[in-house]
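J.: Sequence:
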Amino acid sequence: MTETETGSENEKTGTFVVTHAEDESAVVRDVDTAQIHTLGSNPGLDANDVLEATVAPEPPLEVTWQVIEVAERRRVELVDSDLSPTQHEAELAADAETGDLIQEERAGTGEIHVFRVPAEEVEAAAQDVLEDEETIARAARLNAVRVEVRRTTGLDAIDDGVLSVRYLPD
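According to the numbering used here, the sequence shown is numbered sequentially starting from 1.
None of these hints come from the bench; they were simulated from the model. A hint or two may mislead.
The following label-pair restraints were derived from C-beta to C-beta distances [said to hold, decoys possible]: (1) Asn10 <-> Ala119: 47 to 53 Å; (2) Gly99 <-> Val63: 38 to 44 Å; (3) Glu52 <-> Asp82: 30 to 36 Å; (4) Val70 <-> Ile36: 15 to 21 Å; (5) Arg141 <-> Ile68: 19 to 25 Å; (6) Arg74 <-> Asp23: 27 to 33 Å; (7) Glu62 <-> Glu97: 47 to 53 Å; (8) Glu104 <-> Asn10: 16 to 22 Å; (9) Asp100 <-> His20: 28 to 34 Å; (10) Glu97 <-> Ile36: 32 to 38 Å; (11) Val70 <-> Arg106: 26 to 32 Å.
These numbers were taken from a predicted model, which means no experiment stands behind them. Glycine is no exception: its CB is placed at the ideal position from the N, C-alpha and C atoms.
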């Protein structure tokens with residue numbers, strides 16, 4: 001969050017995720033500070049949109065906010081994939097303890113998160129990731145437009161399951 005030099009000192013410029021959208025209003029969350037801003041109107045936003053934008057309090061009460069400028073708008077697609085984690089992801093999980101998170105940058109941009117999870121908890125863990133607001137916020141911080149969740153159980157060398165979350169630029 002940064003204050004703009006030319007506008008009101010209450011203006012905030014940053015990256016925001018639309019967490020809720022209705023015809024008359026929307027709620028955006030700053031991905032860096034987690035601060036929530038309720039918009040007094042909805043300028044055509046949908047849930048899971050990511051905005052590089054400037055917002056400011058609406059006068060006179062300054063209880064709700066308004067979007068002043070949108071520099072960039074993109075949508076983060078959540079994909080519940082039926083694919084298994086890649087061989088590389090399985091190898092990363094094989095070296096981890098159950099419950100550990102392994103983060104690895106992708107070649108180019110994006111990131112891969114791999115979790116070793118008890119086999120009976122893999123499906124629930126995948127659903128948790130898909131439903132968690134922070135998944136979209138993390139994608140926004142990584143400039144990803146697609147989040148792909150893959151899972152498997154009973155890999156050859158691993159008794160536990162593997163969950164991979166791929167933050168992809170396209």
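J.: Each hint should be assessed against the structure and marked as holding or not.
T.: Going through the hints against the structure:
Evaluation of the 47 to 53 Å hint for Asn10 and Ala119 yields a pass: the beta carbon distance comes to about 51 Å. In this structure, Gly99 and Val63 meet the distance hint of 38 to 44 Å, their C-beta atoms being roughly 42 Å apart. The hinted range of 30 to 36 Å is satisfied by Glu52 and Asp82, whose Cβ atoms lie roughly 33 Å apart. Under the hint 15 to 21 Å, the C-beta atoms of Val70 and Ile36, about 18 Å apart, fit the expected range.
Between Arg141 and Ile68 the Cβ separation comes to about 22 Å, which falls inside the hinted range of 19 to 25 Å. For the pair Arg74 and Asp23, the supplied restraint of 27 to 33 Å is violated, since their beta-carbon distance comes to about 22 Å. Taken as a hint, the range 47 to 53 Å holds for the pair Glu62 and Glu97, whose Cβ atoms sit roughly 49 Å apart. Separation of Glu104 from Asn10 is about 39 Å and departs from the stated range, judged on CB atoms against 16 to 22 Å.
Separation of Asp100 from His20 is about 33 Å and conforms to the stated range, judged on CB atoms against 28 to 34 Å. For the pair Glu97 and Ile36, the beta carbons lie near 35 Å from each other, so the given range of 32 to 38 Å is met. One distance hint, 26 to 32 Å for the beta-carbon pair Val70 and Arg106, holds here, with the actual separation near 27 Å.
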